[in-house]
Structure formats: structure tokens, C-alpha cells
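Undergrad: If you want the building blocks of each chain, they are given just below.
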Amino acid sequence: MQNDKLKFKGGNEEAPCILACPIRQDARDYVQLIARGRFSEAFRLVRERNPLPSACGRICIHPCETKCRRNSTEAPIAIAWLKRFLGDNFSEETRERTTEKYPERIAIIGAGPAGLAAANDLALLGYSCTIFESNSTPGGMLRMGVPTYRLPRTAIDKDVEFIKKLGVEIKYNTTLGVDITFDSLKREGFSAIFIGVGLLESRTLNIEGVNLDGVLKGVSFLHEVNTKGNAKIGKNVLVIGGGAVAMDCARTALRLKPQKVSVACLESRKEMPTTDFEIEEAIHEGVALYNSVGPKRILGKDGKVSGLETLKVKYVFDEQKRFNPAFYEGSESVIEADTIILAIGQASNLSFLKGQEGIQVTRGGTIIVNPSTFRTTVHGVYAGGDIVLGRGTMTESMAQGKKAAIAIHNALRNTTLKDEEWSDKPAVPDLATSRIALIKKEQKQEMPAMMPLDKRLNSFDEVELGFPLDIAVREAQRCMNCGAGAFVDDNLCVGCLTCVRICPFEVPKIKKGDTTAYIDGDCQSCGLCIVECPAKAISFKTPLEDRGKDTLEAVFQEKFIQGIKPLIVNFYCQYSAYNEDKIDTLNNLLFFHVRRIGVLGLGKVDPSLYLKAFELGAHGVLVTACKDDTCHFCKEREWVERRTKFTTQLLSGLGMDTRRFKTHFISSQTGKEILGLAFKMVEELKDLPL
Amino acid sequence: MIVASSKPFQEIKQMLSGFKKICVLGCGSCVTICHTGGEKQVTELAAQLRLSAKLEGGQIEVVEDSTLRQCEWEFVEDIKEIVKDCDAVLSIACGVGVQYMAERFPKIRVFPGVNTTFMGGPIEQGIFWERCAGCGNCILATTGGLCPVSRCAKSLLNGPCGGSQNGKCEVSQETPCVWNQIYDQLDTQQLLATMETIIPPKDWTTGMENHPRKMILEHLVMKKQIS
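Those protein sequence lines, which keep their order, are chains D and F. The opening residue of the first sequence carries number 1 in my numbering; numbering runs sequentially from there. The opening residue of the second sequence carries number 1 in my numbering; numbering runs sequentially from there.
Hints are computed from structural coordinates only; laboratory data are not their basis. By construction, the Cβ of each residue, glycine as well, lies at the ideal position given by its N, Cα and C atoms. Possibly wrong hints are sitting among the right ones.
Listed next, the in silico DSBU-like pairs over lysine-lysine satisfying Cα-Cα at most 35 Å (straight line) [said to hold, decoys possible]:
1) D/K235 / D/K164
2) D/K549 / F/K80
3) D/K509 / F/K7
4) D/K164 / D/K418
Chain D residues, not near chain F, derived (Cβ > 12 Å throughout) [said to hold, decoys possible]:
5) G11
6) P103
7) K165
8) N211
9) E224
10) T498
11) E532
12) P534
13) S608
14) E615
15) R642
16) T647
17) G671
Produce the complete structure using the sequences and hints provided.
TA: In C-alpha cells, the structure reads:
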């Protein structure tokens, strides 16, 4: 699958998680690969679209999870945490670059998410890129703004290393407008310049007292702590703002050991523009939260901050849903503080545009670009990321960088290359209400071993420790594979209704007036209908699902396999394969005699495949299915039992000893139970004439 | 639809004994729907044949294919290239399909892989019952839409007989007495009086007594006959 885009067939409804992502990350498919234990491929798939997977897996606000259809059964898949799991544990060293090499060199200003994404994609298209970064390290706001307890710098470095391996050069301590200019870059021979400098300043409040000693700006405060490890604050810190940066400021301040840290914001708890998780963690760590209060003036004593006078908020957004806060008159009260950190948004620093009046900017200080070409008003100069968006997330900035890369390529080559992933596609609709009851509830895996509070506040070490392998697989196995399940080939369907009658989730239908069955986006991918369809008219849309066939054939490619006696092929359900710490429990004897074929749900394995195993050279076939409570699907046991009976009949018809085909239902595919069963089968078959 | 059941594998094996290249040929109509002659069964039977040969230390080549309907010359023609190199064809279509194959490819041995059993349907998933005997002279109008010819063990035209017990047939406790069902149906339709009308002896010459039967649709017959 290396570097290949997965080829899907049948239907064009896309999974909501993929559509929700600004860079259209293949969330469903990397989750499905994790569920199958195919981790390196999963990482490769992530990396195909995402230049910063390790960082993204930690700080992305994951709109994919907001749209996840598991929200309607219990809770969304922890898609971001799974990406982090891949980024932390796997790497991709073999990604091949295009053979195409273009002579043009591209200058990229800023090594933040937009700049890095643009450089990554331009390098993959065949261009030489140089990033000019004013700091001495890469990452932009990821490094300057995001606290290390949320994003360790090693994660950024790992991501950036890959980008460098593509040939991207990064020149640090080089500031546009100081060390280099647009003219000097053009003189050096750069054919295009991409500005991705981000928003480097904090917005300030226009109220009395903002100039008092003890009023800090959020971005500067975070920058200082992130670079020096410390900043000067008092004993009673108040952060003004309700977004992610405000939470970062508050939690960072806590780690500098003041007596109290509070957050005051205009928004109610529900309106706060950050993830629930961040707010909960801040509160858990000891931050006091003042919701629905607006700053009236900062109070001072002897030139120093002493508190904030607030007004109660009537509403934040007006009837047109515009940000237009209104306050109750006479509702003043005071929150005491000796340090106030303003985290009410970021602003641009456009000093680098001095002498470049041709580049038009908005009143808000963002650069104006054509939204489809990313061109500024000066020829050859492009811009993207926060400096264009005004306010964006990490993934939105990466998306801008990626889109700008294609736009720059199209401009330089005079072509119309298009990334089809961004084209409009219909989303798989919400689960039908009647279906929800038929789908097993599966508890979302919690981030394990969160660092205890007393340890957290004594350091800037990462709070979330990451999924271990077994938890990651369990979590990934909750995925419903939306939009990638079964579909019916109208040319083959004979309208026999078998799928309609046997689906445990009641998905297939023959619509009124139609003569063939139709399987909609609620398909859970159990594959029962695929096996039972007498016309072989149903198959999976996803190429990730081979129902054991390719794996079986691969097993028999092994050299000297035909010399092993007895050789046992074990078909097992992967849903119960990762519920113990020990994954590889087959001892040496079994390692020699047993070959294992994992399938995500044995209901999708055709009985003829068991015969195929014998035909290829197996002496025994051992089917180990899940006990009901350990499988993701419903009715698996019932169908595996039916097919066991059916297969046994087929084999008996051939006069085969029935000891050569056995099915067991076990709760773990990695424990003593499977070991015992396999051992017993090896022993039994030793005595049979093979 | 026509319902067929799979032949025992041993019988198939005996028929095909000695042949080295066999085509297992399914049919995409009735036998697909009754799960005995579709593409899925082609795969299963082919796997059985190969495995059986292997178990006996031999080797055979099995080609797998299926037609939309084996009872149409044009569709049968489509597989000409596939069967031409085969020593034998195992057709798992109904008897009609097997004969079309045998007629079209007279030099190739064609064998039946299924027993064509009756005309009926799935009364529930996986359970098929006979519903029509093809008597050529339908009397369903007088029996509440339930056929005593195909569903009564004695094909009685005026039932039930004394062997009807608690709604079941004396021949098998699994079989509902169709005359009991006819009675209930007519009762529901307030047509019980119909039961008193004696159905006269039937002209059986329109049915199995008169092979081979033939139907001609004059308005559709082309000058040049197909085949």
C-alpha cells in the first residue's frame, strides 16, 4: 500500500470524520489499520496527508471526533489520541519523493504549521524549499505558544525531521524585514515566496489600567516560559480570555507556583471557544473559573495591578450571532489579582511588510489573498495560515499551507493540479435511530495513567502519557468503518433478499421499485451478507478488508512451508486479539506448526476459504472466534457456528477426518487458552496420516 | 422459482472421476436464489473438487464460472471459450440448464451437480417449500389460492381426507394439511360454501402425463428459429 491512495469502490459517501478535517486526513482508514494491527501502514497513511502527525495528535481540536458517528452510540473514537499513538511509536523512513524535479526554488517565511505544510507538500511535488524562521527552533506557535505539558518538543522535532528529510532547508534566526527582504529573496533566485508567519502578538484591551505593572500579554508570557522556562508573575494570577490560549496561560501559570490562578471570560461555560477537555483539565489542576464576566477596568495601586473590575454579561453574541457582548449595568464586582494575563486573541505583527505597500492587508491586520490561489496582491508572493485566517487552528493552518503548495505549483507550471480529497462529497448520514439500539455499546478508552496532580504542577512534563498498544487497538476497534462497508453490485444482485434477512443490523433493503438490494451508510462491516450472498454480488468498499484471503495466500508463499508437518492454519478474530499485554504468546513449538490469520470479525470469512487452506497445504484448520461479549459485532457466534457445521459437512463429504477442522469460542486470542487449543491440535494431527 | 438441492459430493465425485479439467458452472437465476447453484456454490464445489483430488494424491484443474441463465442459448454461448478446453462440465443449474449445455456443447460431457426438485419458494430464510406441480390446469381460483395438487400428499381435489389431524398431514407431522388451510382461508373470505362444490376429476393430460409439453407464442415466433 506504500504511497498508494487507498482505492475505494462503490458509493461516494465519505466518512464524516474525514470530511470534518481541514486537511482531510484519512481518519477512518488509519483507525481501521490500527484496529488490524497494521501500525506502520497506518502511520504512513497519516503521514501521506499530515506533515505534523505527532504534534497534531496532541493539540488538534479534532473536529473529526465532533462529527464521529459513535457520538450517537456512546462517545466518539479517540481519533487524535490514536494519531498520537502512531506518531509516538512508529516512523516512516522510506517514503519516496517524486522523481520530478523542478528548477524553481520556493522561499517560505515561518516554520509554523502553515509554512511546514507548504514546504512539505512543495518538496513532495518536486521543488526545493527553504524556510526562513526568525526563532532558533522550528514549530512556530507550536513551540512558542503551546506549553510543553501539552506538546513535548521532541514531538515537534520528530515531525520536522521528516520534513527535512524531504530536502527542505530551514534557516533559523532569520527574520523577514531584518535579515532578509522580499527583494533579497528574489535576487537570490526564489521564484515564489510563501508567507506563513502566523499571529505573533496578543490582542490588548482598550480599558483603563492596561498599562499597569503586572499586566502581561498571553502570547509573550507563553513565549517567555516556553523559551526560558520561567516568567515573572505575582501570587494571584488572573487570565482574561476563554479560549485555548487562555487555558494554556492559566495552566502554565499554575506551574510557576503562584497562590492562585483564575480565568475570567465573557462566555458561559458552554460558549467557551476551546475543548471541554482543556477546561476540565484546567479546573482539575486548580484553576478558578469566572464565566460570563466582562472586564470593565483594571484596578491598580502604586502603579501595580490589584484586581479586575468586571461586569456581568447579558449576552456575548447578538441575534445575528455576531460577537457583540452586552453587559448588565451596575453589576460591577472585583476579582483580586496582582498579575493579569490578557489572552483574548492574537494579532499580527506586520513590521516585515515595511516598504512592501503593494501587499494589501485588512483592517484587522491580516494579509489579503485570493482564497483559491493564495496569491497576495504582489506577484509571486503567497500567504496562508493565521496571518490570512486571522484566527485558526493548527489543522486549518496546515490546510492553508497544503492548498497554497498546490496553488504555487499550478502557477509556476501553468497547470490545474487539484487535490481531489478536498472536493465536495456527501457525508455518510447520521445513524438511523432504530439502528443505534442494534449496535453494541463500547466504552471509549481513557487516556491511561494521566500524571497525578502533585507531579504535574511541579514540572512542565507532558500530562497525557499516550495510549499503549493494546489500548490503542481496543479504541480503534470501536470504529464503525463509516462509508467503507458493504455495497451491492447492481449488475450481479439477483434480489434474493438473503442480505435483507440476515443482517443483524437490519441495513440492507430493496427499495420500492428496485429489483436489487441497497446497503446504506449504516453498514457495520460485519461481512455476513458478503459471505452468504449466493450471487457474490456484495463486497467491501474498503480495500483494507480481504476477509483473510490475501493473508492466507501470503502464508503459503513462505519458503519451506510445505515441509512443515503438521501445519495448522488458525483463523482468529482480531477483536479479541489485543485484550492482554502479551501479544506474542505462541511458543516455539507452535511458532513452527501454526500460522495465524487475523480477521476483524470471523463472520466475514467464507467457508470456502477454510477449504482453500487445506487445498494450499494446511493439515489442520483451527478457527478461534470471539465469545459474544468480546466481539465488536452481534451474532458472530451464531454464524460462526452455522458455518462450522456447514464446513464440517463439506469436509466429511470428502472423507476428511473431522479432527482436522475445529472451531472454538475463546475470550482472548493471545492467552493460555489459544496456546492450549493449538497445542492439542498439533498433538492430535501428529497421529493422523497426512 | 425452480428449487434444486445439492447432490451428495460422493455422487458428483464418482461422475467426474477420471476427468482432469472440469468447469463448474453456476446459473444466476432460480438456483442462485435457492443457494444451490449460484456463484458462491460454484466456489465451494470447486474447492471441494480440488481438495478431494489432492487428498487422493491427484490433481485436477477446476474452472469456475456462471451464466445469467443457463436456459438461454445466448447466455450459454457466452461461455463457449471457457468450456472448450474442459473435459467435463458440472452444471449446477436446474435440469433445464444442464440440457441446454449438453445440447449446445455435444462433444463435452455435461453432468448435473444438483437434483432439480420442485417449483416453490423460501417460506423463510433457508427453508423452501413446494408450491406448484405444473399441472397445466390451475384450480387455485376455487381453493382460496392454496394448491392441493402440489401441497396435499395425495393431490386430493376434494379434501381433507381422514388423515388430517389437528391441521397436520398424517404423512408427516411437519406438513400442514393444505385442505385444513384451504378451509381456514375460505372461512376468512366468508366463502365456506365453496367447500360444498365438488371439484370434478381433473384433466391430467395437461400435466406430467403428457411429456414433453410445449408452448408457442405465435406473435413472437421469428421466422428463423433460435438455435
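Undergrad: For every hint, state whether the structure bears it out.
TA: Against the structure, the hints:
1. A C-alpha spacing of about 43 Å is found between D/K235 and D/K164, which places the hinted pair above 35 Å, so the restraint is violated.
2. With a C-alpha separation of about 30 Å, the suggested pair D/K549 and F/K80 falls inside the 35 Å cut-off, and the hint holds.
3. At roughly 32 Å between alpha-carbon atoms, D/K509 and F/K7 fall within 35 Å of each other, so this suggested pair holds.
4. Among the hinted pairs, D/K164 with D/K418 is consistent with the structure: their alpha-carbon atoms are about 25 Å apart, no more than 35 Å.
5. With a cut of 12 Å on Cβ distances, D/G11 stays outside the contact zone with chain F, its closest approach being about 22 Å.
6. Non-interface call for D/P103 relative to chain F: holds, since the shortest CB-CB distance, roughly 54 Å, exceeds 12 Å.
7. In this structure D/K165 is separated from chain F by more than 12 Å, as the shortest Cβ-Cβ distance comes to about 47 Å.
8. In this structure D/N211 is separated from chain F by more than 12 Å, as the shortest Cβ-Cβ distance comes to about 80 Å.
9. Distance check on D/E224: its Cβ is at least 69 Å (rounded) from any Cβ of chain F, clearing the 12 Å threshold; non-interface status holds.
10. Some Cβ of chain F comes within 12 Å of the Cβ of D/T498; the nearest lies about 7 Å off, and the non-interface call is violated.
11. Non-interface call for D/E532 relative to chain F: violated, since the shortest CB-CB distance, roughly 8 Å, does not exceed 12 Å.
12. A beta-carbon of chain F is positioned within 12 Å of the beta-carbon of D/P534; the least distance is around 3 Å.
13. The beta carbon of D/S608 sits about 5 Å from the closest Cβ of chain F, which is not more than 12 Å, so the claim that it is off the interface is violated.
14. D/E615, annotated as away from the interface, has a beta carbon of chain F within 12 Å; the closest lies near 5 Å.
15. Interface exclusion of D/R642 from chain F breaks down, the closest Cβ pair being 10 Å apart, not more than 12 Å.
16. Here D/T647 does not stay apart from chain F, with its beta-carbon only about 9 Å from theirs, under the 12 Å limit.
17. With 12 Å as the threshold on Cβ separation, the claim that D/G671 sits away from chain F holds: the shortest Cβ distance comes to roughly 32 Å.
The structure shown violates the earlier hints numbered 1, 10, 11, 12, 13, 14, 15, 16.
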